[in-house]
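Top line first, the protein sequences correspond to chains Z and W. Under this note's numbering, the first residue of the first sequence carries the number 3, and numbering increases by one thereafter. Under this note's numbering, the first residue of the second sequence carries the number -5, and numbering increases by one thereafter.
Quick caveat, the hints were computed from the structure, so don't treat them as lab data. Take these hints with a grain of salt, some might be off.
[Claimed, not checked] Here are a few chain Z residues that face chain W, going by a calculated C-beta distance under 8 angstroms:
id, residue
1, 31
2, 105
3, 144
4, 248
5, 365
6, 564
7, 571
8, 575
9, 576
10, 609
11, 617
12, 621
13, 630
14, 633
15, 688
16, 689
Virtual Cβ for every residue (Gly too), placed ideally from N, Cα, C.
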Amino acid sequence: MKDIRESILKTDGDEKISGQAKYVADIRMANMQHAITKRSTIACGEIKNISYPELPEGYFIVDHRDVPGLNVVKIIFDDMPVFTEKAITYLHEPILLVVGPNKEKVKEIVNNIQIEYIEKEATFEWKNSAVQYHFDKGLGKSIFENADKIIEYDYETGYQEQAYIEPQGFIGYLEGKDKVTLIGSIQCPYYVKNAVIQVLNATEENVRVIQPSVGGAFGGKEEFPSLMACQLACAVKKVKKPIQLIYEREEDMLVTTKRHPARIRFSAALNKEREILGFKIYCAIDAGANIGLSGVVLSRALIAGTGAYTIDNLDCSGDVFITNTVPNGAFRGFGAPQMYFAVEMFMEHIALDLGIDSLAFRRKYLAKQNDLTSTSGTFRDPIIMNEMIEKGMEISDYKKKRIEYSKEKSTKGIGMSFFFHGCGFTGSGEATHIKAKVRLKKDKDNTVYILVAAVDMGQGIRTTLRKVVAQILEIPIDNVIFDFPDTDKVPDSGPTVASRTMMIVGGLIGRAAKEMKKRWTETEFIVEKIYEQPEYIKYNDETFRGDAYPAYSWGVNIVEVDVNPVTYQPKILNTWSVYDIGKSIDDRIVLGQADGGLTQGIAYGYLEVMNHVKGVIKQKNMTDYIIPTAMDTGNMETVIYENPYAFGPYGAKGVGELTLVGGAPAVVYAIEQAINKRIHKIPATPEYILEMMNDGKNRL
Amino acid sequence: MVKQILPKNLSEVLELISKEKYRFCAGGTDMLIQNHNLKTLPIDFKDNIIYTFNLEELKGITEDEDFITIGASESLESILENKITPQILKDTILQMASPAIRHSGTIGGNIGNASPAGDLLVPLYLLNAIVQLQSLKGIRSVLLSDFITHVRRIDLRDDEIITKIIISKINFDKHQFVKVGPRLSDAISKLSFLGAVSFHEDKVIDLRFSFGAVNITVVRRPEIEAQYIYKTKEELKNSVDELLEKYSEYIRPIDDQRSNKEYRKTVALNLLRNFIEEL
C-alpha cells in the first residue's frame, strides 16, 4: 500500500481552475432581493433619531425590532447585538438592513436614511479591561525575590487582516413557511446555525446552514459570519423572499474582525549563573468594541507565553481591553503569533544583554518530553526539536551565514525561530464544549459518504479526509464522497478552526472507517463516532492548570533577509522550515499550508500594515493593505518530520496554524542582525527600520 | 444617466467634446477603480464618458531623428515591448503595477490621472515630455510639467483630448530608476527616484533628477541641475551634500496610509546620494 503522504490531485483543483466552483455570490435565485447594511458614522454615542425616505413597495427596513428572539449574536461571550438598538460602540457598526429587488435603489435608500446621533467621547486607549486572567506555574512571581538580575522588555504587535480572496457573504431564503436556510462563506456551519436559532427563537429543524465553495477564511469566517447570518435570517423572516447579503471588499475590510493588536511585557528573573529562574508575562490585547472570543485569544496567547521553552516558574496575566474600534476576532494562530514574536525576541534580547550566544542559550531551555508545560501539564509525546533544528541549520547553512552576516558591513541577516502549536480546542473544550460527532455512511453500491461539518476553505480537507477513508477501507478514492456540509445532512463535528480538523475530526473519521471495514459485508449502514478526550488529559479552565492541549505540533523557521541600506526595505532571500506535524496526510497539501502559512507569518512580521486613527481603519482595500506576492517570498524549502500522535489519523496532528506562528520572530531575528538594532515592534516596516537606524538601541 | 460613447474615430470625439463635457476612459485601470460600484452594478461614472481604447489615431509609436512620438492610448505593455522605446522608460514600466494592469493601462491615462504617485510621469518629466492636445480648434503642445498643474489637475480644456506624447531622443551614460514600493511588485509607490547623467571628457554635460510621490507632482528642478554642468565627476561627487540640501527644499512628502513624510524624504535623498556616490 502507498504511504498516505504521497500527493494526489486536489479534489477542488479542476473546479476552481476552470471557474466552475460556485461561491455564494455566484448563486442566483428566482425573485432574489438585495440587502445592504446601513452603518454608523460615529465611533461612540447614541442614535437620537432616524429619518427614512419613503419606501417604494417591496422595499424593507430590517432592524432590531425585527429580531424575534435574543438580539445578541451567540459567539463565546455574547455581547454583540445583531442590530444595535441605540448605543453606537464603533465606527461602521451595523444599524439596519435595507432590502429590496433593485440593488441600485436599495443603495439609494441606504444613502438617504438620515441618522442623528448624540456623540460621546470615544475610547481608544487601552483602559477598560473586560477580561482579566492570571495563572502561575511553580513559585510564580515569588521567584523574583531570589533573582540576581532582572531583565524586562516590552513588545508590541499590530493588526493583521485575513485578506481572504472572497469577501464575506450569505444568501438566505425560506423553505416552506418557517424554515430559514442560509448559504454562506463560512468556517463553522453549526456556529451559524446555533446563533440563528437563538436570534429567531426557532427550533433546530427550522434553521439550515449550507456551505458553498469558500474562497479562504484564515479565521475571519469563524465567528463574524454569525452576525451577518443573524441579520439576514431576520430579514428573510420579514421579507419572505430569497435575499443576498454580500460584502464589498472595502466594507469587509472596515467592519470584519482582525488579529488583535497586543502589548506584551516580559520580565525574567536570572540567577548568578545567568540562568532563567522564572518569567513574569503580561499580555494586553485590544478586543475592539465587543469581547466576543477575545478572552479565548488572550488565554491561548498566555498559554504560549514560554514559547517552545520550559520555564519552571511563571506569573502569567493579561487583560482584554474594550475600545471603540472594530471588533477583533479569530485569525490563524489565535493569540500565538503575538506571543511568539514577543517571547522569541525576549529570549534573544536576554542573551544579548548577558553577552552570551543566543542560540545555545535558547536551545538550553527548549522543552523536552515530560517537561511541564506553561500550565503545568505534561509534554507527553516525544519532542524532536533538536533533530529538527540540526536539520534546519544544515539545509540553510545557518552557522556559517550567522557568523558572516554579523560582520559590520553586511546588510544581510539570518534568523531562526522555535515554536509549537497546541492542536484542537484549549483544555477540555473538545470534550465539554464541542463534543464532535461524525458519521460515515455506506451505500448499497459501496459508495461511502463522509458526513461532517468540516469546511474546505481551500486548505484541502475535501481531499485529505477522503484519502484517509479510502486508504483505511482500501477502496478507490472516487468511491468516497465528501459533499459540502449542510446542517440538515451532517452532524455537528465542530468548527473548522484551531488546527483541529484532521487531528480531531479526521481521527474520528479514521476510527469510523476502521469500524466500517470490519462490517464491510453489511450492505447499507452508518457508523457514528463521538469525541472522547484521552483520559489522561485533564485541564481546569478557571485555574489554567493541566494539559491545555492533547497534542502539539512543532516547528523551526529560518529566514534570510537582505535589508537595503538606502531604502531600508527588507528583501526575503530564502526561508527554510522544519515541521513535526505527526504525519503528513498529503505532502503537497501540507506544503500548501507551509508555504502559505509562513508567507502570512513573515508578512505579519515585516510587511502587513494596518492601523486606525480614532477608530478609522486607514488601509481599507487591497491597494493599501499590502500582502506579499510571490516576488516577495524568496525561495522556500520545507522538511516534514513524522512523529505520530496516537489519536490522529495515521498519527496526524495540526498543520494550519503551526506554519504561521513562527514567521514573524524568524524574519525579525534576521532583520535585527542585518541592521544591528533591537526590534520590539512588528510589523518591522522600512519606516520603523529607519526610525531604529536613527534612534534605536544597537543590537550588539 | 451619464452618456457612454464608443466613438469610431478621433473626429467624432472632437465633435462630441466641442459640444458637451466628457471624461475619457482609455485603459480604465484608474477610471474603473475611481468610479467602482457595488458588486453586480454597472460602473458608477459621474460624468459622460468617451472610451478611447479603439481610436487608431491615438495609437502608434514612431520616431524621427530627434523625437519619439507615442500615441496616448498605447498600453504600458506595448510601450515596454516596442524596440523604439528608450531604456529609461522601459526600466520604469517594468516596475509598474502588475502584468494585467500594464496590459490595459495607457500612457495618456497615466498622464491624465495626474497622480503624485504616477510612476511613468517620473521618466517623462526627466525627458522633457511634451503632451499634444487636440480640439476642433487645432493642436496644442504643452510641456508635461506645465500640463500637470496640481494633484490630479491638468491643463486640459473641455474640448481637448490628449493625443500624443513626444519625447526627445536622448541617451545618458548612466541612468537609474528606483521605485520604492511597499512590496516588490503590483504596488503603488511610496516614492520613486530617477537619476540620469552624461559626461564628456569627465565633465558633466547632462544631469537630471526626478522624484515621484514626494510632492504634489514629480519634482524636477532644471535650475539645480544646470549648476552642475561642466563640473568634473569628482567635483560633482564632492558637492553631494550641497546637492541634497538644494533638493531638500522641494522634497515635501505627506503622511498617508502607505508611508510617512520622514521616510519618504530620507529615502528620496538617500537615493540621490547613492546615485551620485556610485558614479
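Results for each hint:
no.	hint	verdict
1	31	14 angstroms, violated
2	105	6 angstroms, holds
3	144	45 angstroms, violated
4	248	6 angstroms, holds
5	365	34 angstroms, violated
6	564	12 angstroms, violated
7	571	7 angstroms, holds
8	575	12 angstroms, violated
9	576	15 angstroms, violated
10	609	7 angstroms, holds
11	617	15 angstroms, violated
12	621	5 angstroms, holds
13	630	6 angstroms, holds
14	633	4 angstroms, holds
15	688	6 angstroms, holds
16	689	4 angstroms, holds
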